[in-house]
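Sequences and hints are given; from them, build the entire structure.
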Amino acid sequence: MTKNLTLAIDENLLDKARVLAAMRRTSVNEMVREFLQREIEQEKGRDEVTAELLKLSRESTASTGGWKPSRAETYSGETRFDR
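Under our numbering, the first residue of the sequence shown carries the number 43, and numbering increases by one thereafter.
Every clue listed holds true.
For lysine-lysine, the following PhoX-like pairs were computed, each having C-alpha atoms within a straight-line distance of at most 25 Å: (1) 86 - 45; (2) 110 - 97; (3) 86 - 97.
Everything labelled a hint here was simulated from the structure, so no lab data went into it.
Spelled out as structure tokens, the structure:
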């Protein structure tokens, strides 16, 4: 079910959007709808990636039983990526 939406937009921008829509043989309405759909899909993808990273970090055993720097090593300012 589609719903109507009132949108306040600068007249100059609207004129340009209408020209662009005509060049693409579509409507400003369709362009806005497609833009919003793309944004939602991108955000959904980010959410999925974030959820997967959080899951991996919770399940990771990489830091258990491995080398851990001492407090002095952590705050020494020395390069620590040579191990």
